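Asker: With the sequence shown counted from 1, adding 27 to any position gets you this note's numbering.
Note that these hints are calculated values from the structure, not bench results.
Possibly wrong hints are sitting among the right ones.
[As the list claims (entries may be wrong)] With a straight-line cut-off of 30 angstroms between C-alpha atoms, the simulated BS3-like cross-links for lysine-lysine are:
| no. | residue 1 | residue 2 |
| --- | --- | --- |
| 1 | 206 | 63 |
| 2 | 151 | 118 |
| 3 | 206 | 118 |
| 4 | 63 | 138 |
[Stated by the list, open to error] So the derived label-pair ranges between C-beta atoms look like this:
| no. | residue 1 | residue 2 | range |
| --- | --- | --- | --- |
| 5 | 66 | 155 | 17 to 25 angstroms |
| 6 | 157 | 184 | 27 to 35 angstroms |
| 7 | 208 | 188 | 16 to 24 angstroms |
| 8 | 138 | 95 | 32 to 40 angstroms |
| 9 | 66 | 186 | 21 to 29 angstroms |
Remember, it's a predicted structure, so these values are computed and weren't measured experimentally.
Yeah, the Cβ is synthetic: ideal placement off N, Cα and C, and Gly gets one too.
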Amino acid sequence: QAIKRIKFEELLKYQLKVKYMLYMRKNNPETLTTVKNLKLKNSYFESTFDGSVYLGSITGSSQGTVDTVYSDAILVSTGAACGGIAGITIKTKKAVYKNCWFDGSLTANGKNARYLGGISGMNKADVSFLHCLNSGTITSNIPKGAAYMGGIAGQMTNGYSYVIDDCLNVGQVSAPNVKTYYAAIAG
């Protein structure tokens with residue numbers, strides 16, 4: 028069984044063109060959600076709500092483990108955070124991305140689309156990135172302000188611990204219009 032304890036939630040209230048997104052959450056404090064051995068090919072995801080929307084090709088919000096996952100999806104977002112694999116990692120002490128590979132493209136267009144990462148766009152939890160690869164392109168077209176971008180992880184919020192081990196970015200990361208906090212690995 029490759030996918031365990033996953034709940035699909037309809038996100039029409041966020042005005043997403045995608046009818047369903049994968050949303051990972053803990054069912055109870057003892058159980059973490061896991062996605063394992065998943066390949067997503069030839070997919071397109073777009074959010075058009077200019078606010079707190081978290082867009083990822085595998086999960087919008089991650090609170091568990093993503094292991095051995097590949098995606099070559101095209102993601103276009105006006106929401107707050109966009110990641111090749113997960114939009115945001117939040118509210119957990121044991122989030123892990125292991126053997127994840129993003130080979131698609133992320134494009135941020137809205138005024139609030141500030142956090143972009145090849146694996147996870149925004150991180151507000153203790154997170155480990157192990158043996159991950161981004162070969163996709165990450166572009167911010169926000170009109171003004173600042174963007175936080177990384178080939179592996181976008182924003183990494185203070186107060187949490189992060190491990191990045193044996194990860195590589197060979198994709199392009201760019202934001203031609205704004206002040207940018209970015210690096211090949213983490214923004």
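Asker: Taking the hints in turn, state whether each one holds.
Answerer: Hint by hint, here is what the structure shows:
1. Distance check on the hinted pair: residue 206 and residue 63 sit about 36 angstroms apart at the alpha-carbon level, beyond 30 angstroms; violated.
2. For the proposed pair residue 151 and residue 118, the alpha carbon gap of about 7 angstroms is at most 30 angstroms, so the pair holds.
3. Restraint check: the Cα-Cα separation between residue 206 and residue 118 comes to about 29 angstroms, which is no more than 30 angstroms; the hinted pair holds.
4. Of the supplied pair hints, the one linking residue 63 and residue 138 is violated, its CA atoms being roughly 34 angstroms apart against a limit of 30 angstroms.
5. At roughly 22 angstroms, the beta-carbon separation of residue 66 and residue 155 lies within the given 17 to 25 angstroms, and the hint holds.
6. Here the CB-CB span from residue 157 to residue 184 is close to 20 angstroms, at odds with the stated 27 to 35 angstroms.
7. Here the CB-CB span from residue 208 to residue 188 is close to 20 angstroms, well matched to the stated 16 to 24 angstroms.
8. At roughly 36 angstroms, the beta carbons of residue 138 and residue 95 sit within the given window of 32 to 40 angstroms.
9. Range check, residue 66 to residue 186: about 34 angstroms between beta-carbon atoms, so the 21 to 29 angstroms window is missed.
Hint check: violations occur at hints 1, 4, 6, 9; the rest are consistent with the structure.
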